[in-house]
Amino acid sequence: KVSGMEYPGMIFNDYKETKGPLWFLISHEIGHNWYPMIVGSNERRYMWQDEGFNTFINYQATEVFNHGEYANDDILYNKNYWSMLNLDSLPYRNNPLMLLSDAMGEDEFFIYYGKTSYGLKLLRDVVVRPERFDYAFRKYTEAWAFKHPTPYNFFQFMNNATGEDLNWFWKEWFFTDWTLDQAVNDVQYVNGNPENGALITIENKGKMIMPVIVQVVESNGQTGTIELPVEIWLHGGTWTFYFASTSAINQVILDPENVMPDVKRGNNTWK
Numbered sequence: 001k002v003s004g005m006e007y008p009g010m011i012f013n014d015y016k017e018t019k020g021p022l023w024f025l026i027s028h029e030i031g032h033n034w035y036p037m038i039v040g041s042n043e044r045r046y047m048w049q050d051e052g053f054n055t056f057i058n059y060q061a062t063e064v065f066n067h068g069e070y071a072n073d074d075i076l077y078n079k080n081y082w083s084m085l086n087l088d089s090l091p092y093r094n095n096p097l098m099l100l101s102d103a104m105g106e107d108e109f110f111i112y113y114g115k116t117s118y119g120l121k122l123l124r125d126v127v128v129r130p131e132r133f134d135y136a137f138r139k140y141t142e143a144w145a146f147k148h149p150t151p152y153n154f155f156q157f158m159n160n161a162t163g164e165d166l167n168w169f170w171k172e173w174f175f176t177d178w179t180l181d182q183a184v185n186d187v188q189y190v191n192g193n194p195e196n197g198a199l200i201t202i203e204n205k206g207k208m209i210m211p212v213i214v215q216v217v218e219s220n221g222q223t224g225t226i227e228l229p230v231e232i233w234l235h236g237g238t239w240t241f242y243f244a245s246t247s248a249i250n251q252v253i254l255d256p257e258n259v260m261p262d263v264k265r266g267n268n269t270w271k
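The numbering of the sequence shown is this note's numbering, which starts it at 1 and goes up by one.
Hints in this document: simulated from the structure, not taken from any laboratory.
Careful, some of the hints might be misleading.
Here are the simulated BS3-like cross-link-like pairs (lysine-lysine), alpha carbons at most 30 Å apart as the crow flies [said to hold, decoys possible]:
#1 K207 to K171
#2 K207 to K121
#3 K271 to K205
#4 K271 to K207
#5 K19 to K121
Taking CB as the label site, the calculated pair distances span [said to hold, decoys possible]:
#6 A145 to T223: 44 to 52 Å
#7 Q156 to E17: 37 to 45 Å
#8 N220 to T269: 13 to 21 Å
#9 N250 to K139: 42 to 50 Å
#10 N66 to S101: 28 to 36 Å
#11 Y242 to N220: 13 to 21 Å
#12 D102 to A145: 24 to 32 Å
#13 N191 to W34: 55 to 63 Å
#14 A244 to S101: 50 to 58 Å
#15 N167 to A71: 27 to 35 Å
Where a beta carbon is used, it is the ideal one built from N, C-alpha and C, also for glycine.
Could you put together the complete structure from these sequences and hints?
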């Protein structure tokens, strides 16, 4: 059973839906007027290129609709989405998105919606930031309107429009089943004195790489946040950086807002 279905210029919605579910359903199905009706990707071959895109813009619309009234009502719009995606009860959770739908089971199509939208949200909010992503995504929609883009057209266009080589992201998010596991390895004070600063060593334990957001909490009450680009992992699986502490460090926390798809959060904190 499905709650809605899209056709060019026409959508059908379940009359039983109300409130938040009704908003999600209507906004999602209306979004199909853009993907894949105007930007004509092959929805049978690459389901994520319309359902995933549409779920992503559905998320963006939900954030602003009626001051975010329904923003926390659905798992797809929840920061804990990745935890749900990695439940043992979902054996297909890490299937590559480029796996053709014919090779997926009937209950596995969910990742085309959720994993795609979550990946685009990470790309927008963490990797290239909203200003560049929004510009590129709008230009992609404009350039490929009434045409038939493949995933490779999308990847290439976003690289060009953001001005950044994002092939590392496309590879790991769409072509592999890799997972992310960032960890804090060690904290050492310079010359043994916290007032001289600290050398913090972090590690990327999984195959997936992402930028790193580090929060440092000092004993004097000060809190600092450092954002490290994904390029640090080009040098290997560990990275050491200097933090200008002025007192003893109480905690070092990776991804303090839980926005990353980290599968082992127990090693994200040093105390």
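Is the straight-line distance between the alpha-carbon of K271 and that of K207 30 Å or less? Measuring from Cα to Cα gives roughly 26 Å; hence the hint holds.
50 to 58 Å was suggested as the range; check whether the CB atoms of A244 and S101 agree with it. Taking Cβ atoms as reference, A244 and S101 lie about 51 Å apart, which means the hint holds.
Distance restraint hint 28 to 36 Å, applied to the beta-carbon atoms of N66 and S101: 34 Å, holds
Hint check for E17 and Q156 - Cβ pair distance inside 37 to 45 Å: Holds - the Cβ-Cβ distance for Q156 and E17, about 38 Å, lies within 37 to 45 Å.
Quick check on a hinted range of 42 to 50 Å for N250 and K139, using CB atoms only. 45 Å, holds
Quick check: does the Cβ-Cβ distance between N220 and T269 fall within 13 to 21 Å? 19 Å, holds
Is 13 to 21 Å right for how far apart the beta carbons of Y242 and N220 are? 18 Å, holds
Could you see if the CB distance from A145 to T223 stays within 44 to 52 Å? 46 Å, holds
The hint says 27 to 35 Å between N167 and A71; measuring C-beta to C-beta, is that right? Given range 27 to 35 Å: holds, Cβ gap about 32 Å.
Are K271 and K205 close enough, with their CA atoms no more than 30 Å apart? 19 Å, holds
N191 paired with W34, Cβ distance criterion 55 to 63 Å: Holds, since N191 and W34 (Cβ atoms, about 58 Å apart) stay within the stated range.
Just to be careful, I want the Cα atoms of K19 and K121 compared with a cutoff of 30 Å; is the pair within it? Holds, because 24 Å separates the two Cα atoms, which is no more than 30 Å.
The structure shown violates none of the earlier numbered hints.
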